[in-house]
Amino acid sequence: MEVTEEQFNGHPVVVPVGDVDLGNSRDLQMHLRQTLGKKPKRLLVDLAGVPHMDSSGVATLVEAMQVSRRNGTSLVLCAMTDRVRSIFEIARLDKVFRIVDKREEAEENA
Amino acid sequence: MTQGQGQSDSHAETCDHVMPDVRIEVVSQPRYLAGVRDLVRAVAGRLGFNPAICGRIALAVDEALCNIINHGYDKRPDGRIWISIWPTCEPKPEHQVGIRIIIEDSAKQVEPETIKSRDLGDIRPGGLGVHIIREVMDVAIYQKRTGGGMRLVMEKRLDNESENHAS
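Residue numbers (the numbering used here), protein chains in the order written: chain A, 1 to 110; chain B, 1 to 167.
Quick caveat, the hints were computed from the structure, so don't treat them as lab data.
Don't take every hint at face value.
Claimed, not checked - No farther apart than 20 Å at their CA atoms in a straight line, the calculated lysine to aspartate or glutamate pairs in the DMTMM-like style are these:
| hint | chain 1 | residue 1 | chain 2 | residue 2 |
| --- | --- | --- | --- | --- |
| 1 | A | Lys41 | A | Glu63 |
| 2 | B | Lys144 | B | Asp119 |
| 3 | A | Lys102 | A | Asp27 |
| 4 | A | Lys95 | B | Asp138 |
| 5 | B | Lys108 | B | Glu25 |
| 6 | B | Lys75 | B | Glu25 |
| 7 | A | Lys95 | B | Glu25 |
| 8 | A | Lys41 | A | Glu104 |
| 9 | B | Lys75 | A | Glu6 |
| 10 | A | Lys95 | B | Asp119 |
| 11 | B | Lys116 | B | Asp138 |
| 12 | A | Lys38 | A | Glu63 |
Quick caveat: nothing in here was measured; it's all calculated off a predicted structure.
Between the sequences and the hints, there should be enough to build the whole structure, so can you do that?
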């Protein structure tokens, strides 16, 4: 998995590409911590390039959500693959996170 | 048999095989998780499960391995893990009804009844693996192995037409 960062409408977008599992979720965690440390108004995590995520990846995103709430950052997950959405549903976290299909939708009803 | 917190008893029989159809051994290192997932997904597909269910079965195995690596072997990289897979059949050997996956280790033993999922309402990082395993699989039974280590017996049935592509 590789993690890059982009900008979209003035907001940072963290973009992991590849499976996120116990072997590499720490890379995503470090990147999210670094970006959240700058206390952006909004942070998008684009998951279009993540075909598989296990509970270590989910835990990383839960941690990011907790930090976001403390910082006043709006965390938005976007473009989840069906398989990744499935684990959020199983963990009953699909209603806890703000999840949108496209980056553009992060702007709506924020 | 020491029975842990399975959702139900294992009831389907393996399809006339004492030995598993597939058996692999991996060390307790996260870098091999992807390879195991790919194998499990492929085998489940050949046993008739649709791609979405194959992905969930692979996820359950992944979560079981993560728990063994993190908690059983305390992240030691030289532990051994054995994964065995059978088709399950009933009432006749030619009538395949699902898959059985047994994961064994020689890690520290815990009482099976202490292996629990956390309260999902308590939103915090971690602690989801057991919940995922029990949610995905029809049977998930933890046992102590004689002589050391733990065993997890998991089964998933081909319950409906959308899941059943077996030929």
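Inset, instruction - Would you check the hint for lysine 75 of chain B and glutamate 6 of chain A, treating anything up to 20 Å between C-alpha atoms as holding? - result: violated (34 Å)
Legend entry - Given pair status - glutamate 104 of chain A, lysine 41 of chain A, alpha carbons within 20 Å: holds (16 Å)
Legend entry - Given hint glutamate 25 of chain B paired with lysine 108 of chain B - CA-CA distance at most 20 Å: Distance ~18 Å between lysine 108 of chain B and glutamate 25 of chain B Cα, so the pair holds.
Inset, instruction - With a cut-off of 20 Å on the C-alpha distance, tell me whether lysine 38 of chain A and glutamate 63 of chain A pass. - result: holds (16 Å)
Inset, instruction - For the pair we were handed, lysine 95 of chain A and aspartate 119 of chain B, check the Cα-Cα distance against 20 Å. - result: holds (16 Å)
Inset, instruction - Below or equal to 20 Å on CA atoms is what counts here, so check lysine 144 of chain B against aspartate 119 of chain B. - result: violated (25 Å)
Inset, instruction - Measure nothing beyond the straight line between the CA atoms of lysine 102 of chain A and aspartate 27 of chain A; if it is 20 Å or shorter, mark the hint as holding. - result: Between lysine 102 of chain A and aspartate 27 of chain A the Cα gap is close to 24 Å, so the pair fails against 20 Å, i.e. violated.
Inset, instruction - Verify the proposed pairing of lysine 116 of chain B with aspartate 138 of chain B, using a straight-line Cα cut of 20 Å. - result: Holds: lysine 116 of chain B and aspartate 138 of chain B sit about 16 Å apart, inside 20 Å.
Legend entry - Pair hint outcome, lysine 95 of chain A versus glutamate 25 of chain B [Cα-Cα no greater than 20 Å]: This hinted pair is violated, its Cα atoms lying about 38 Å apart.
Inset, instruction - Decide if the proposed pair is consistent with the structure: lysine 41 of chain A and glutamate 63 of chain A, CA atoms, cutoff 20 Å inclusive. - result: With Cα atoms ~17 Å apart, lysine 41 of chain A and glutamate 63 of chain A stay inside 20 Å; holds.
Legend entry - Holds or violated: lysine 75 of chain B to glutamate 25 of chain B, with C-alpha atoms at most 20 Å apart: Holds, because 17 Å separates the two Cα atoms, which is no more than 20 Å.
Inset, instruction - Would you mind confirming whether the straight-line C-alpha gap from lysine 95 of chain A to aspartate 138 of chain B stays at or under 20 Å? - result: Judged against 20 Å, a Cα distance of about 25 Å means the pair is violated.
Comparing the model with each numbered hint stated earlier shows that hints 2, 3, 4, 7, 9 do not hold.
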